[in-house]
Amino acid sequence: MIRNLRRAVRRAYRRKVDLSHPARSPLGSAVVNCVGYAGGKRQSGHCPPDEALRRVRKENRADSDSNGFVWIGLHEPTHEEFASVAELFELHPLAVADAVDEHRRPKVVPYDDILLAVFKTVGYAGHDEVVESGEITVIIGRDFVITIRSGRYGSLGPLREALEAMPDQLAKGPSSVLHAIADFVVDEYVVVADAVEEDIEVVESAVFSERAGRGEAGRNDAARVYQLKRELLEFKRATTPLSRPLEALATQPSPLIAPAIRPYFRDVTDHLARAGEQISGYDALLDSILQAHLAQMTVEQNESMRRITAWAAIVAVPTMVCGVYGMNFDHMPELRSVYGYPAVLTVIVVACVVIHRGFRRNGWL
Amino acid sequence: MIRNLRRAVRRAYRRKVDLSHPARSPLGSAVVNCVGYAGGKRQSGHCPPDEALRRVRKENRADSDSNGFVWIGLHEPTHEEFASVAELFELHPLAVADAVDEHRRPKVVPYDDILLAVFKTVGYAGHDEVVESGEITVIIGRDFVITIRSGRYGSLGPLREALEAMPDQLAKGPSSVLHAIADFVVDEYVVVADAVEEDIEVVESAVFSERAGRGEAGRNDAARVYQLKRELLEFKRATTPLSRPLEALATQPSPLIAPAIRPYFRDVTDHLARAGEQISGYDALLDSILQAHLAQMTVEQNESMRRITAWAAIVAVPTMVCGVYGMNFDHMPELRSVYGYPAVLTVIVVACVVIHRGFRRNGWL
Amino acid sequence: MIRNLRRAVRRAYRRKVDLSHPARSPLGSAVVNCVGYAGGKRQSGHCPPDEALRRVRKENRADSDSNGFVWIGLHEPTHEEFASVAELFELHPLAVADAVDEHRRPKVVPYDDILLAVFKTVGYAGHDEVVESGEITVIIGRDFVITIRSGRYGSLGPLREALEAMPDQLAKGPSSVLHAIADFVVDEYVVVADAVEEDIEVVESAVFSERAGRGEAGRNDAARVYQLKRELLEFKRATTPLSRPLEALATQPSPLIAPAIRPYFRDVTDHLARAGEQISGYDALLDSILQAHLAQMTVEQNESMRRITAWAAIVAVPTMVCGVYGMNFDHMPELRSVYGYPAVLTVIVVACVVIHRGFRRNGWL
Amino acid sequence: MIRNLRRAVRRAYRRKVDLSHPARSPLGSAVVNCVGYAGGKRQSGHCPPDEALRRVRKENRADSDSNGFVWIGLHEPTHEEFASVAELFELHPLAVADAVDEHRRPKVVPYDDILLAVFKTVGYAGHDEVVESGEITVIIGRDFVITIRSGRYGSLGPLREALEAMPDQLAKGPSSVLHAIADFVVDEYVVVADAVEEDIEVVESAVFSERAGRGEAGRNDAARVYQLKRELLEFKRATTPLSRPLEALATQPSPLIAPAIRPYFRDVTDHLARAGEQISGYDALLDSILQAHLAQMTVEQNESMRRITAWAAIVAVPTMVCGVYGMNFDHMPELRSVYGYPAVLTVIVVACVVIHRGFRRNGWL
Amino acid sequence: MIRNLRRAVRRAYRRKVDLSHPARSPLGSAVVNCVGYAGGKRQSGHCPPDEALRRVRKENRADSDSNGFVWIGLHEPTHEEFASVAELFELHPLAVADAVDEHRRPKVVPYDDILLAVFKTVGYAGHDEVVESGEITVIIGRDFVITIRSGRYGSLGPLREALEAMPDQLAKGPSSVLHAIADFVVDEYVVVADAVEEDIEVVESAVFSERAGRGEAGRNDAARVYQLKRELLEFKRATTPLSRPLEALATQPSPLIAPAIRPYFRDVTDHLARAGEQISGYDALLDSILQAHLAQMTVEQNESMRRITAWAAIVAVPTMVCGVYGMNFDHMPELRSVYGYPAVLTVIVVACVVIHRGFRRNGWL
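Protein chains in written order, with numbering that gives the first Met the number 0: chain A, 0 to 364; chain B, 0 to 364; chain C, 0 to 364; chain D, 0 to 364; chain E, 0 to 364.
Chain A with its partners taken away, still in its complex shape (with noise of 0.2 Å):
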């Protein structure tokens, strides 16, 4: 079942189709969404958030079982226009700071009455540039849930589908919401970290190929090699700061988290710590890929330098030789004989015989 929801809204999100998402314009530029939810389904059409909170607060009010909640959702908001959300939500100036502000750490962090997770997206676009950003940040408080999304990837639209049609997931109140997308993101970590696998396993092969470190290519190797590290440090940076907190919320009791949600963040954790265990092995192994490398190339250089050697030994021969003959002197006895020239020349040949297969024995050619 959530695995299900993980594999429908996976192959949605390979479609990129979010940013012309038609819940766009009835409620402003930056509401993407806005409905309300009890016991787990969908209250019909879309309406302004007040109303929307006032029906659900009714429900609630009068099922205490119901656990309905209004989810909004938002894209890029501009400080004013989260302005009138936070009012009427009650949220906490820092909480606002934090949902609206860019370059932010990713978090879990509660105030009061409410619960913030700032997510980092990643996402794969082929082997050029592996990792890029976009930002989830969830609000949730005790009947209500508000998302706010940023950069190009990462659509909740597919998302909140798929929770749709699960009612008993959604029945258990916001917390249910918080761990689809914690789970959502996580998963995308992992896809990705796979992704980097392959990557890695293309710079290997070409480092340590027989023409490793020739032409063109040979001299950009440490350079991928640097490449991927960069990126694995983004994403490092993405994942880290989660792992901490998603734990306590897997592990510490807390009133925004439904009891029957705790051991589904257990599992998003798991899969956390897969990925970060994923990429600090991939680190390592790209600096042992350096290092291979480097020694490999020391290696090869050791070989040229012997083979230049050898061949230079083996030109010196009829250098000298023919040195000595081309001088000028008068009394040289061994340039009037006939014999000279043929004897030199084979002289000159078996010698150079002789030192290539003294070089050849002991593998310096």
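In short, the hints are calculated from the structure, not lab data. A few of these clues could be false.
Note: identical chains are not told apart, hence a pair may lie in one copy or across any two.
Simulated pairs of lysine-lysine, DSBU-like, Cα-Cα distance not exceeding 30 Å [unchecked claim]:
| no. | residue 1 | residue 2 |
| --- | --- | --- |
| 1 | Lys106 | Lys171 |
| 2 | Lys235 | Lys106 |
| 3 | Lys57 | Lys106 |
| 4 | Lys57 | Lys235 |
Keeping the supplied structure of chain A fixed, place chains B, C, D and E upon it in accordance with the hints.
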């Protein structure tokens, strides 16, 4: 006794006779085995899981010390095949997902009234590929054990037979099976870690031999070290996540773990720690090998360089002298002298010998 | 709101208008400012510290919700100048030493009934010298705040004005000033960390460019990487010691920190953690740059080596052939032939071309 | 006192007189010794273990302060030989396995009412092989001590004699023996760590000497550093697992450890920590040696390279000039001049001297 | 005040006037001093330890606020010399061993009713050898302080005088002496750490200068970096073990530490932490220096290589041309032409110039 178990099992394991286990057919394709145990003794005959569970529960009600349980063995069940088992034992949906999903992290997690453990099995497939993974999932409840195996290695048939030969152990209930499997898996880690040690010794003797870095093999030394590092990473990912939860089983009371079994888990933890220490030690050693290899190659390069320089200097002498007397000036008195030629030859030979000795003395040749 | 504070302050900070602050003269050379606040509002006029303190205490006795306090700003006071202030507020002798000494570690320490915080301020002075330090010491008591500043950067004038524009915040008492300063300092860290990121990008593009390692600049690439590492170390020493005590302020109740201010400190801690993660990430990146740079240089060296070898082999052909026909033997039939010379020239050219093509094909040229 | 014990023991240890211990024969092949102690005094004569245990228990019942115990010493017992001892003292089956198995991890673990400790002994066998391991297992119960030794080193005979000379210590019961053995083993670690320091100094002076990297020895510098690192790893695996359980013995109350013995364990922990710090310090130093060695070799290579270049440039001058005047043109007026030859020789010599001086000045020669 | 103490002491320390301390003779060779203090004031005259102790205890009984104590200073006592002191103050045998043994680890350990601290003193002996160690052992009891000093540095005479000038501090009892010594020792660490920083700057400017790696000095750059690393290791071993126990003194109540002294220990801990951070920062910097040095040397090697190649190519032109016209063929029409010689010379010069420019342009020359 527990050691004998291991020995018996390991020998069987070496033979790798598992996929064609005769128990596979009677109970459908995925269910390899389904047997009830009471008071440590195997109940007669195979029967469907629900029937076996009914019988065991009846027995347990009759004799509260019986600790009877049903042990169902599955091999790579599909979602559908597992669904009926999950329903029979009323498993938590997340536990079901954990049991059937691919690419899981090793773990030991409690759900309401069951305990789920995922182990990665590793095998040693010769020097080419050291580490290969399968998975064993164990779910224990108050009166049942479900084991799910995937991959080619790690048949549990021999282990089951060995356990059945120790009724005292089996009489302690389901946790005795969990321990036997954990012990079996972790013991394999120790065996593989020792095998990795041998591989490292092979690499060491290649890297530090006199002919290191020469020929085809020499070019691959660094690649082999890297290959070992990569496998250790894989190995680490199989073992590290287990250490904390296994230690918890050994030290914290749990209703599903019989108190008499708890010290046995401490023993398993100890073996796991040993394998873990070996692995991280080898990992560091491999870094040092690369580092030392690089230093050694550089030293050798220096030697080659010095040797080239020395020979170039020696060859420069006849080249220069012959060059001088190869000039075509009309007035070069030496050329006319009868003793010119032998004198020049003597000068050249003496100069070369002197220079050669000089280089010998300062260690360049 | 708190963000607006930062923005206002930062803009002022950029202008660096501090040393000539007009408030410097009236109260002696070191006392830059001395103002009383009650109920978040500034009391009229400058007055000597003892007078201001007396007035505030009277006010606090009258209205227990007033949270009035005196804020004294000092700039590099001498021991003597600080002695009178210390006496007035009955500071612990160790706190006095901590406040006036040079070369202190950043810290937040409680003394009997005061809290002393030492912050290192960092400034970004262009690409030449990234990090430069001043110090701000803050001492808060029940009804006073003492701020001591040293170094050229980090004037607190604009910050004071910005705070005075937020009477609600000031009305929470002395801890609001401590927070404002901590927030201001830590925000600078984030700015500088981002600036360092830009520097790293500059170094990256220099190191991985095609002409890396050539000419004057190339020789300094490694030195620049090292320079950045050194500055990060300095930066780390300014930030790391703060994280634990700031987290303590955010999570542990303290009589000097108003409960409404505590979540604000969590916000500061979060920003500090972000800067800290950036720094240690960059630190690791710089190591990798050096490592990759080295590997790349070695690859290039290999290429040069192969190219030398190839050209030396090509040049060896005419040298040997010409050497042979430069010998002075009487009986060398080729020398007498009319076609000898053109034949030899042809042989030389053909041999050179063939060898050249061979090297081209195996990638040496 | 405790120091004197060490000294006495260590001296004996140096002599390595153990395998032919006379106590071996009387009680079967594996039992080296079996003596009862009461009130710190040795009871007369050897006798079978069951008889000795009966006597001691009688004594303890008579005098509750007697702290009497039987000390059985075994040397590499087989499973069968140990079985009777295990039965007599009613040992837990896992403790039996732990006591007899090979390849165990050092540890201190409590079983129901006994404490089992496994120590690795290390010896320093000259510069060739620094670290060599044996094992000592100690099992203490309320009124017995079982020591099991394997390997050539670490005879406990002298230690037993030294302890018997300190009846006060023995009178504190079985834990005094455990301490004496722990102290003895850990003290050896300190001795070996100091010996390793000397080895490192030898390597240092080889690596940083003027003739470093030359000749046969030079080629092995890196291999020697690696060899030391490998031995430190072995050493670390012997010492690290002990630190936590020994600290637990020193700080946590345990019914088997006499309170008066506990501070002595803190002393042992302290020595172990010292050895551990030394080891990890040396480990880091060896990395730095390799690193520095590499840098130094590269510097030297640079020098060789510059020197080759300089000499090649100097030799190029006469080669070119002589080449010119070796040409056979009919119309070369210089060749006809009487002063041509001496003039050319002068030009060559002057040019060479000038170039040589130039290279001297810029440090290439 | 506490700062003034440091300054006074440090100045004296610089003079290094200790071994000939006049107090050495009167009380036997090892006892340097023995004085009683009561209410912070020094009691008149030297007297034997037992007499002094008797007097102080009498005083303490009379006035419970007196906090009187005896301070005995020893210098490298033998076992025998220390035995009588140990007996007088009824020290634990392990404390005695700890006090007299050589090669101890720095530590602060409590024994029954005393506290024993071992400090390593470090001195800065110029650039040749940065770190040198002595030891100060302090034992404090309820009414006595024993200080034992070994090594040439670290005389406690001036410190005693400075303390006697602060009777308020002394009146807090024996822990005031322990603090003064800890403060004194740790302050030296800060001084030495700053001195090490200067050494690192010297190494930096040597390694990154333009003539780095040339001549005798260049060959030793790596060795110097290593030397500094080794000294930092020594330094770290002196400081690291102290941080935990000193922090314990600062934060945990202890009957032997006067409550008014505890904040002073926090100050010491803070200084120790600063020195520790500096040391580990420098340690990492030295690694980076080596790494950067290596990269820089490789870059320079590349340049040399390119320059050799370029010059070899230039020289190859005249060599080949002259070789051709040095051949002795009868039919070489160019040789007969009047313009042959000047034409060939022109061709050679032009070719060389063109090639030279080409290499200039692509940065090889």
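Verification of the supplied hints:
1. Lys106 to Lys171: Classified as both: same-chain Cα gap 23 Å, cross-chain 27 Å, threshold 30 Å.
2. Lys235 to Lys106: This pair counts as both: shortest intra-copy Cα distance 13 Å, inter-copy 22 Å.
3. Lys57 to Lys106: Cα proximity of Lys57 and Lys106: none, with 32 Å in one copy and 44 Å across.
4. Lys57 to Lys235: neither (44 Å within a copy, 53 Å between copies)
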